[in-house]
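Enquirer: Chain by chain, the residues:
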Amino acid sequence: MLAQLLANGIILGATLALGAIGLTLTYNVLNFANFAHGSLLSWGAYLAFAFALAFAGSTATGFGPLSFGWPLLFALILSATLTSVLAIVVDFLVFRPLRRSNVQVALVIASFGASLMLRNLIIVIWGPEPKYYTSDIQIQQAILPGVRATPDQMFVVVLALVLVVVLHLFLTRTRLGKAMRAIADNPVLAEVSGVNVRNVIYWTWVVGGSLAAAGGVFYGLTVQILPEMGFNLLLPLFAAAILGGIGSIYGAVLGGFVIGIASDLSVAVISPGYKPAVAFIIMILVLLLRPSGILGEKK
Amino acid sequence: MIGATLQVSNLVAGYTPGVPIVRGLSLTVAAGEIVTVLGPNGAGKSTLVKAIAGLVSVFEGSVFLDGADFAGHKAHTLVSAGVAFVPQNENVFRRMSVQENLEIGGYLYRGRIKERLEAIYDLFPDLARLRHHPAGKLSGGQRQMVAVGRALMIAPRLLILDEPSAGLSPKLVGMVFQRVRAVRDTGVTILMVEQNAKAALLISDRGYVLAEGQERICDAADALLHNPEVGELYLGAKGGLV
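Taken in sequence, the protein lines are chains A and D. Here this note's numbering is used: position 296 in the first sequence is 296, and no number is missing along the way. Here this note's numbering is used: position 29 in the second sequence is 29, and no number is missing along the way.
Incorrect hints may appear among the rest.
Listing some non-contacts, in silico: residues in chain D with all C-beta distances to chain A over 10 Å [said to hold, decoys possible]:
| no. | residue |
| --- | --- |
| 1 | 19 |
| 2 | 26 |
| 3 | 30 |
| 4 | 33 |
| 5 | 60 |
| 6 | 138 |
If you anchor each label on the Cβ, the simulated ranges turn out as follows [said to hold, decoys possible]:
| no. | chain 1 | residue 1 | chain 2 | residue 2 | range |
| --- | --- | --- | --- | --- | --- |
| 7 | A | 228 | D | 137 | 17 to 27 Å |
| 8 | A | 54 | D | 17 | 46 to 56 Å |
| 9 | D | 74 | A | 94 | 34 to 44 Å |
| 10 | D | 80 | A | 121 | 36 to 46 Å |
| 11 | D | 62 | A | 99 | 21 to 31 Å |
Please keep in mind that the hints were generated in silico from the structure rather than gathered at the bench. Since we're looking at a predicted model, the values are computed, not measured. Where a beta carbon is used, it is the ideal one built from N, C-alpha and C, also for glycine.
Just chain D, with the same shape it has in the complex (with noise of 0.2 Å):
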């Protein structure tokens, strides 16, 4: 499988018309790269990656997935041209089962959903011991595999993840990074939005820092890691992550 090439370009999007929050951004992923997207609280992050999977408003600028426009369309449609987005919070069907939650995450993918949930059991062979159960009464880590399936389900092209290691443990979120690489190494083009900037640079290729709604770096991701700036960002020190 070939990943889907992301191009931002002067993107301008919210919640409320009249306030952007983000303020002219311009972005690209490469097909099968990872891309993390780095800054401080309220940078706009997060709403960067719903405007790109259609969940907030674009007012201005496009989103270029293989070279079609897809700013403003609505979520459900950038899914069938294979974009799938795992949000932060709230991101698995609580009261149904495991997995009636990836059936619902392969809606689309009509006929062929066995074959699906065979692959994502594969990835995630703890899901299959567990199929049975409520989403909601799993752990934070088998929630999140079973947000990262539910995504994966569609067999996508691009993979948004927000903040996939939001409130996991130390030992998790080494495991989340290394299944977004395996994922990566399908085929699919990941873009990531992380706080935990240096496990997320370990396997990203490029990033971008962002700052009040605007791209303030844009580096591969080893300079990145050693970018006294960005190191002042998260440990509030100077010199680099590593």
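Excised from the complex, chain A in its bound form (with noise of 0.2 Å):
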């Protein structure tokens, strides 16, 4: 039983350590704590939905026991494309005007707006019910004595584990990542070494829509799609990244796998009602007695 309900927590930590990370990135290059980053997740499952529906007509079948195949696989790509974008245009046309006037405030409110906006628009397209990839029933197996999944949930763990190891390389390899780590550390600094922040702060929205895409469909994957799903989660999204300490990429993902623990192995012992309280204690917890999160340096 206990194992069990940690499986359950591993699947549902998959989907909030992409989510923190893209929020945890942004918040430490853009400093702000950015509260539409859940319609992210949302508009990233939507558009995977959109375009999966698009290529239903292709004749192509299930990869072995999965419920979906290269269809899906090609509409997550599209999806994370098309909401980095997305991340952009709201920057440019919310977040980048009141970035001159330096209020952090008038940031974090406009973002609580700009999610608004985006997880409505959602309903004004599709509507308010739910929406699946796919109408098959998936028959959970046992992977390990007392734990049972399904294929697709063994699948999304797994690939954002891989994701989570390419951002990894991405950020300690390359230019652009390590420009990106020079502007969360310290930007003016970045900035006289020749970065041009502005460019690096589009391709920060790139990175963290396109995670924010991925675990919206493996949401959309294991649980439904539906258009509050990135508004709920956004409070398991904040307690993930501050609990990891927030600016921290690694925290993030390890914020996002104690955060998803915790709150399926809540059931154990309290009602699932309160499953979506228990994030919000940790969170306060983290506050009170290590503000700085696991991960996080000190100021």
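Reconstruct the complex from the two isolated chains, following the hints.
Expert: The structure is reproduced here in structure tokens:
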């Protein structure tokens, strides 16, 4: 029973980790808490849904035991691209004019407004009822004694870990990745080192937006696609980013899995109705006891 | 390598429009010279060099680099023109390793990064040993070496230093100025702001003393060292610095 709850937590953690990375990255580079980030997860899920629907005519079949095949993977890639574009458009229209004002609260409140608009735009286009990538019902299989998971769920966890490793290599081995870390560390010094900060900010949205899209699709695959999914994930995402240490990418991954696991394990002792409160309680405890988070640097 | 000639004329600069901190200042640094800018706190020394480096808004005037006007250009465009700037505080990427700090310094120097890294490690052998350490964990002196090393990665033609000796022990101050001189001897033009007037003037060719955003004295370094007005400014006593 506990092992099963742990496995469920890891599956939820995969979505949270990918979402929290984008949140912490934009927080670090742009220096504000972006409440619209959750909506990027929703948009990623819906865009992939639209593309998957468009490809549905193809004769491709699912990969082995998975419920989906190439159409959804292509849809994921296209959705990641468009979600990045959406993030850049929101940045251009909403955040960039406010960045000049240097009032951080204005950015946070504006991101909240952007989040509401993005969510309601989804309802206008796709309607309020839940969507699914596939109508197949997957059977959970025993993967370990006492632990059952669907092939899709295992795929999500593995692909999330792969994306984290790719991101790590990108940030530590490539010129652009190092420039991103440099801006997060010290934007003025990056600028006088010759880094074109504005360009790198666009790429930050691409990375954050793509990972958000992947997180959204993973959530859609393992739970369902809903207009308010991103909004509902926002609190656990912030909890994950803060727990890991805001600004720390590895902290966000760790935080995502810890929050996911803690939420699902809580079901063993409290009513599932209180599950969303777990992330909230962890966030308050971290802020009280260790505001810099697990892997964050004390300022 | 031949250093750049810097010519600043009638510069008006500051953080808020209508509130100039540098108020109509002109200054020249000839190729291969070391020029020090002195002055009491609040004289606008830091704002002056930040404006030249493209970090502070220029309201009026020009910043000529070998004859081309760069006034008001973004900092990263000045880097491609060969201008390197070492800020006074927060001058390393704390969470990145020494080597990554240098690599970011050479961000625009595509291709020949390895060669430049070797050149910097030759100049600061301590850094080669510490290359994988996070810069934030280093001592003050080592951090200053990283900061200067990062700036030198682009093989600059003009190096601007904002109080390179701030917060260092007297022994390290001597070492820093000795390195600054060694850098000049490779042909780099150097403009620096310093509180440590005596040590800075001893390695400088010329100096400017600012007051309230304007030039008060401009003279050869030797003359400034013996200038009673400068002595009074820094020692509070009549007589020169030496």
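Enquirer: None of the hints should be skipped; say for each whether it holds.
Expert: Hint check:
In this structure residue 19(D) is separated from chain A by more than 10 Å, as the shortest Cβ-Cβ distance comes to about 16 Å. The non-interface label for residue 26(D) is consistent with chain A: the shortest C-beta to C-beta separation is roughly 24 Å, beyond 10 Å. Here residue 30(D) stays apart from chain A, with its beta-carbon at least about 23 Å from theirs, past the 10 Å limit. With a cut of 10 Å on Cβ distances, residue 33(D) stays outside the contact zone with chain A, its closest approach being about 22 Å.
Listed as outside the interface, residue 60(D) is consistent with that label: its C-beta sits roughly 22 Å from the nearest C-beta of chain A, beyond the 10 Å cut-off. Look at residue 138(D): its CB is around 14 Å from the nearest CB on chain A, clear of 10 Å, so calling it non-interface holds up. Taking the beta carbon of each, residue 228(A) and residue 137(D) are about 44 Å apart, not inside 17 to 27 Å as hinted. For the pair residue 54(A) and residue 17(D), the supplied restraint of 46 to 56 Å holds, since their beta-carbon distance comes to about 52 Å.
With their beta carbons about 23 Å apart, residue 74(D) and residue 94(A) fall outside the hinted range of 34 to 44 Å. Checked against the hint of 36 to 46 Å, the C-beta distance between residue 80(D) and residue 121(A) comes to roughly 41 Å, which is consistent with it. Between residue 62(D) and residue 99(A) the C-beta distance comes to about 28 Å, which sits within the given range of 21 to 31 Å.
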